[in-house]
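**Q** As a plain string of letters, each chain reads:
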Amino acid sequence: MTSPELTHPVPPTRLDDEEVANLEEVWTDRPGLYGFLATVDHKRIATRYIVSAFFFFALAGVGALMMRTQLALPENRLLGPDFYRQVFTVHGTTMMFIFAVPVMQAVGLYLVPLMIGTRNVAFPRLNALGFWVYLIGSLLLWVSFFMNTGPDAGWFSYVPLAGPEYGPGKRSDVWAQTITFTEISAIISAIEIIVTVFKQRAPGMTLNRVPLFVWAMVVTSFMVLFAMPTVATASAMLALDRLVGTHFFNVAEGGDPLLWQHLFWFFGHPEVYIIFIPATGLISSMLPALTRREVFGYPLILMALVGTAFMSFGLWVHHMFAAGIPMLGGSFFTAASVMIAIPTGVQIFCWIATIWTGRPRLTVAMHYLLGFFFIFVIGGMTGVMIASVPLDWQLHDSFFIVAHFHYVLIGGAVFPLLGAVHHWFPKVTGRMMSEKLGRIAFWFTFAGMNITFFPMHFLGIYGMPRRVYTYLDGLGWNGLNLTATIGSYILAVGVLLFVFNAVRSRLAGAPASADPWGADTLEWATSSPPPSYAFANIPIVHGRSPMWTREPGEGAVTGLDSKESLDEQQRMTLITSVIDARPDGRHKDPNPTILPMLAGLAIGGALIACLFTPWGLPIGSVLVLIPLLLWGYPHKPAAEAEVE
Amino acid sequence: MMDRPAVDVSHLPTESFGHRSIVWWGTVGFMVSEGATLAIAASSYLYLRGNETDWPPPPTPLPDLLLPTINVALLLLSLWVVHRAKHHAMRFEKRHTGIWMMICTAVAFITTVLRGFEFASVNTSWDDHAYGSLVWLILGLHGTLILTDLIEGGVIGSIFFTDRCQDKHFSDVEDVALYKWFLVLSWVILYFLIYLSPRLM
Amino acid sequence: MTDAFGRQAALIERLWWPTLWVLTAIYIAVMIALAYAMLRRRHVDEVKSEVRTARWVGAAIAGTVVILFAYFISDLFTARAIAGIERKDGVTIEVTGLQWWWRVEYSDSVPERRLTTANEIHIPVGRPVRIITSSADVIHSFWIRELHGKRDLIPGDKSEFWLRADSAGVFRGQCAEFCGLEHAKMALVVVAEPEAQFQAWYDRQLSAARVPPVAVTRADSLIRSGHDVFVTKACVMCHTIRGTTAGSSIGPDLTHLASRRMIAAGTRTNTRGNLAGWVVDPQGIKPGALMPPNNLTPAELEALISFLESLK
Chain A
1 MTSPELTHPV PPTRLDDEEV ANLEEVWTDR PGLYGFLATV DHKRIATRYI
51 VSAFFFFALA GVGALMMRTQ LALPENRLLG PDFYRQVFTV HGTTMMFIFA
101 VPVMQAVGLY LVPLMIGTRN VAFPRLNALG FWVYLIGSLL LWVSFFMNTG
151 PDAGWFSYVP LAGPEYGPGK RSDVWAQTIT FTEISAIISA IEIIVTVFKQ
201 RAPGMTLNRV PLFVWAMVVT SFMVLFAMPT VATASAMLAL DRLVGTHFFN
251 VAEGGDPLLW QHLFWFFGHP EVYIIFIPAT GLISSMLPAL TRREVFGYPL
301 ILMALVGTAF MSFGLWVHHM FAAGIPMLGG SFFTAASVMI AIPTGVQIFC
351 WIATIWTGRP RLTVAMHYLL GFFFIFVIGG MTGVMIASVP LDWQLHDSFF
401 IVAHFHYVLI GGAVFPLLGA VHHWFPKVTG RMMSEKLGRI AFWFTFAGMN
451 ITFFPMHFLG IYGMPRRVYT YLDGLGWNGL NLTATIGSYI LAVGVLLFVF
501 NAVRSRLAGA PASADPWGAD TLEWATSSPP PSYAFANIPI VHGRSPMWTR
551 EPGEGAVTGL DSKESLDEQQ RMTLITSVID ARPDGRHKDP NPTILPMLAG
601 LAIGGALIAC LFTPWGLPIG SVLVLIPLLL WGYPHKPAAE AEVE
Chain B
1 MMDRPAVDVS HLPTESFGHR SIVWWGTVGF MVSEGATLAI AASSYLYLRG
51 NETDWPPPPT PLPDLLLPTI NVALLLLSLW VVHRAKHHAM RFEKRHTGIW
101 MMICTAVAFI TTVLRGFEFA SVNTSWDDHA YGSLVWLILG LHGTLILTDL
151 IEGGVIGSIF FTDRCQDKHF SDVEDVALYK WFLVLSWVIL YFLIYLSPRL
201 M
Chain C
1 MTDAFGRQAA LIERLWWPTL WVLTAIYIAV MIALAYAMLR RRHVDEVKSE
51 VRTARWVGAA IAGTVVILFA YFISDLFTAR AIAGIERKDG VTIEVTGLQW
101 WWRVEYSDSV PERRLTTANE IHIPVGRPVR IITSSADVIH SFWIRELHGK
151 RDLIPGDKSE FWLRADSAGV FRGQCAEFCG LEHAKMALVV VAEPEAQFQA
201 WYDRQLSAAR VPPVAVTRAD SLIRSGHDVF VTKACVMCHT IRGTTAGSSI
251 GPDLTHLASR RMIAAGTRTN TRGNLAGWVV DPQGIKPGAL MPPNNLTPAE
301 LEALISFLES LK
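Chains as they are written, first to last, in our numbering: chain A, 1 to 644; chain B, 1 to 201; chain C, 1 to 312.
With the rest of the complex left out, here is chain A (with noise of 0.2 Å):
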């Protein structure tokens, strides 16, 4: 477990050879297929979850170019209005629903375990479902859209064009069930992210010594555990409404279309942050690598995060300001939003703070951090703009708001992540990515990035409504969206040399040493892939550090597994109390199984039923049943259980 570069003897505590052998036997899949569908390694699973996270975000891309490609020139043909407006929805639906959050959350169920020093997640099978619900659902949508049954009605999906009187068809449905799908894999991701931390950190990890990305994945999903059932409810109602005439969002019946503007918001304003404090964690573990020096303001920034979480959900009404709310409502809702700036600004300060104190190194991953300040601060200085009301009822709805907000989610989410890939690649897959080609495929995204979004700024502020598929000759706007359009090109060209680096250094990449950046969190005290068992013998941690605090002879957690547990193949985790970390238990993790697979395929039928009848719903229920129950039944008692 050690990394080849320390020469510290191995302490005769560890394990000897026989049993890491042994160690290896009990917690590797079965190879070819079957253990590529049952496994429930939380490696493995977030792998799948990383990867399919960026083919959504490259199919959306395209989308993103096509709607770049028409808006080049007025009254442009190429693209009509009905496909025009799938275009955008499926855009934006797929990244904030199917990229965005699953992505980061994905990281988390990747980095999180390896950093507070555990062997697998909480609930590993639940955490298994979690990935099939995601993958299904994201089919459904992108399925439907090569089907022409795309949603079409906007990622916010405004009624009443998304309900039953102006939104005919299978389109909102496909919308209503997608979200549903990828908010139950969200809130699954969350709990397991949550118990994780609590109770799997290694002995002497205590709150205050948590990884800044751990804390701020714990964050991001307590938020998740009260932001998704919003959304979840609301399109669970919006398809009632559509499905079988109930009234929710019907004027006409005593519903209310703000209804659904409330609902909506109240989830997708902490939305922006469940996808942006992950980020933010991302940045502030990665910099002690790139510094040098632990994060300035540890605490600070973790009360920030705090702060953040406990705001966002302060200030859904900020989208709604043009639908004449009163004006002291108005008034609380600037507040809020104005506030909200301040724990971000807190976060910027730490960390250039720690740039500052510490001696950086310029890797490609501190270029995206670079480019994170540069893009991310102009996307909070718009934000602070259309906190206002007065301002806000000029920019809304308007080119202005799509610059501010890919600002903020480019600059905020996609470069931290671009960087973190870069960063933990080598620990992922054991080779290093190439620096070279990786400072070209930045500058490219990051000039392509600006000369996209920049001018947009300038076409809101010029009265371009967003979602318009075409616009007339003569307004001024030619020149600008030309040179968006261009920009999309080059921002594309980015996003291809980042996947070609990506892929060729996985075949091909320099083998990685298990601590390339000479980094502080456990994670990198295991080899260079992680073995499938991450850690042979639980680590003990001193500091926030670990890394950094080592000493040469240190001590580990011992009888973990024991003799019985080795020959029964049965996977130990160590329990550890919520506040100091102390060991308090030994848990039995369970083995690879298939129904995880089975119970996501009957949740997918069941969903994918009720966008034609409301019997899916039963019918389905029962069928989710069955996996459900032979997972739940224990099997006959552990020495006659097998590996499947």
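It is possible that part of the hints are untrue.
As the list claims (entries may be wrong) - The following residues of chain B were derived to be distant from chain A, with all beta-carbon distances above 12 Å:
{"hint": "1", "residue": "Ser10"}
{"hint": "2", "residue": "His96"}
{"hint": "3", "residue": "Leu193"}
As the list claims (entries may be wrong) - Cross-link-like lysine to aspartate or glutamate pairs, in silico, EDC-like; alpha carbons within 20 Å at most:
{"hint": "4", "chain 1": "C", "residue 1": "Lys158", "chain 2": "B", "residue 2": "Asp8"}
{"hint": "5", "chain 1": "C", "residue 1": "Lys312", "chain 2": "C", "residue 2": "Glu105"}
{"hint": "6", "chain 1": "A", "residue 1": "Lys563", "chain 2": "B", "residue 2": "Asp8"}
Keep in mind the hints are simulated off the structure, nothing from the lab.
Backbone N, C-alpha and C fix where the C-beta goes; we use that ideal spot for every residue, glycine too.
Once you have looked at the hints, place chains B and C on chain A.
**A** Coordinates of chains B and C only, in the frame set by chain A:
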């Protein structure tokens, strides 16, 4: 140099109760997200109610009280029953735990059936008016939880009558008890909201 | 934001510029700090003072709080100034959003002086205007950036807001809330003009269309037969022309179509060629619009266009 010895954990238990168990935390997690769902449904009810002068909107009659009230009483009773089961589970008494879990399941079954009849006793249909949609939504969401609890309790209870029973299943009984608290307390609030509040406010 | 012609837009613009410059200055300061943090020379035996760093960070946070507070206060004052506009002697206009055009109704205490028109609003300079918003189908949003910010038109939720043009001008507005297929081609024109001109326009709009009773000249006979085409073909199913038998309110009121600058809700300029193109093939110009294509003989079309062009 500091002394940093190894920690031997071989003596630690493999099953535990309450917040020492990860399943307990998982149950809490699901309770939070399900609670958020019910809260959102209740908020929608109050929001749309704020648009109306009369609630329920005329000519819809008030919901009946008798059946729902019996059901609330049954739910409260099931709390006591499940705590008897928990009492025995924490002493690892297999037979008693099993018997009380079966009683608990029987009560849960009656509650579930009565919940089915509650839909008829609210005197409105889901497609009459937004009011009806909301009442049915709340009944339905909570009804799903009741049904889940019935199945879960029944399955766990039946395990105690087989030879597959392990230590962890006693810990599961405790999680069923915890979940029951959530189920009952959330319904007391929702009962007040949909049955009593239109009469009182 | 820029180019304010109205009181409300001017108030917003007055908040906009200082906000823009202050935030830009902060942005530049942050970037300079970051660049210096990256590039500064580091001494080999540099002693890092965490306390001094903490002071700098604290100062930056304090500065952020102060600036944001000042911004919040100026925002409040702007919102109050906009809400506190003078409302005496106002013109009341009800604007209804429909897929994908605007119905415009001027109200008046005298029923005969109530006016219905579409897609072009005239307002007097210097007088407050009360806009009552509503929607007949989905959510739309009314936005004339030279005069005021947006206001959503929400079905079942009639609300109102005020604006006032302080100098004359012709402004183009466009629906700002996605409302379906032709959201992109749902524009309108607002003409702010001096009181006298406005009154003249208003009186003219009140009059009914005059169809020549007897065809004396060739032009008159063309108009006359164009009128006949209008009231016998599909046109009459959806449109109103006051003074004729056409009285349906599904589509825009066309009584004074020829006086308008644009057709098809701001999609084309109101020329003879565009009008003919629109009548024959609305789906080619605005795919999904609710107006069906019309099969007319060349003679019918020419007559119809002549008639429409006579509706000054």
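**Q** Give a verdict on every hint.
**A** Hints, one by one, checked against the model:
1. A beta-carbon of chain A is positioned within 12 Å of the beta-carbon of Ser10 (chain B); the least distance is around 3 Å.
2. Under the 12 Å C-beta cut-off, the non-interface status given to His96 (chain B) relative to chain A holds; the minimum distance is some 19 Å.
3. The beta carbon of Leu193 (chain B) is kept farther than 12 Å from every beta carbon of chain A, the shortest such distance being approximately 16 Å.
4. Our distance criterion of 20 Å between C-alpha atoms is broken by Lys158 (chain C) and Asp8 (chain B), whose separation comes to about 72 Å.
5. Distance check on the hinted pair: Lys312 (chain C) and Glu105 (chain C) sit about 18 Å apart at the alpha-carbon level, within 20 Å; holds.
6. A distance of roughly 14 Å separates the Cα atoms of Lys563 (chain A) and Asp8 (chain B); the hinted pair therefore holds under the 20 Å criterion.
The structure fails to meet hints 1, 4 from the earlier list, while all remaining hints are met.
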